[in-house]
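Novice: Sequence:
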Amino acid sequence: MGSYLWSSSAFDSKSGQRIFIIFLVMIASFYSGTFFGSNSSVYVSQLPSNSSSSSPGIPTFTNKVVLSYRKTPLTIPETGMNICPLLFNEYIPCHDVSYVKEILPKLDLSRREELERHCPPLERRLFCLVPPPDDYKIPISWPTSRDYVWRSNVNHTHLAEVKGGQNWVHEKDQLWWFPGGGTHFKHGASEYIQRYL
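The opening position of the sequence shown corresponds to residue 1 in UniProt numbering, with each subsequent residue numbered one higher.
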């Protein structure tokens with residue numbers, strides 16, 4: 001049975017020679033690329049060296065709190081992104097109320113277009129990192145984060161006021177609690193399931 005694998009009908013000499021030649025060309029191209037190619041990485045660019053750096057080899061990032069706008073062409077500085085002022089900690093791209101007020105005369109209010117997303121022109125779009133709230137905390141890990149989130153990480157307390165009576169979200173010390181079940185299960189879906197087990 002083992003002799004069938006190496007018989008002339010299963011593996012003829014011409015196809016064997018072709019496979020061997022292709023294999024040799026692959027190995028030769030790999031080694032020629034290794035010997036004659038550049039050693040620098042294609043994906044990581046070298047950061048400019050800073051003579052005032054305290055430790056050599058570690059890049060220094062000059063992040064500043066600056067309101068900067070997008071430029072054309074889009075390039076991310078090697079020294080890092082600037083941080084938006086704290087005033088923009090609730091900024092949502094393409095949902096700028098002041099821009100919508102500017103274009104309001106051009107919108108069809110009967111179709112409620114003022115509620116849709118309207119992105120400003122490129123030169124008016126922010127190009128900085130939106131800062132977290134002042135007392136931001138590291139998020140709660142899964143699976144607890146399914147039901148709880150830090151109140152300080154969510155600035156929109158109006159949500160709890162509006163949805164509080166509908167059992168969507170509740171305040172619990174420093175946390176928001178999402179009991180699940182919505183308006184149907186006042187004590188949460190898990191309590192409802194436990195009642196029938």
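Rather than coming from a laboratory, the hints here were simulated on the basis of the structure. Quick reminder that beta carbons are idealized off the backbone N, C-alpha and C, glycines included. Errors might be hidden in some of the hints.
Distance ranges between label pairs, derived from CB positions [as the list claims (entries may be wrong)]: (1) Ile76 / Ala28: 36 to 42 angstroms; (2) Thr79 / Pro139: 26 to 32 angstroms; (3) Tyr31 / Tyr148: 17 to 23 angstroms; (4) Leu107 / Ile76: 32 to 38 angstroms; (5) Pro131 / Glu78: 49 to 55 angstroms; (6) Tyr31 / Tyr136: 47 to 53 angstroms; (7) Gly16 / Leu74: 49 to 55 angstroms; (8) Ser145 / Met81: 24 to 30 angstroms; (9) Ile19 / Tyr136: 56 to 62 angstroms; (10) Phe23 / Leu74: 30 to 36 angstroms; (11) Arg112 / Trp177: 28 to 34 angstroms; (12) Thr144 / Leu197: 18 to 24 angstroms.
Novice: Looking back at the numbered hints, which does the structure fail to meet, lowest number first?
Specialist: 3, 5 and 10
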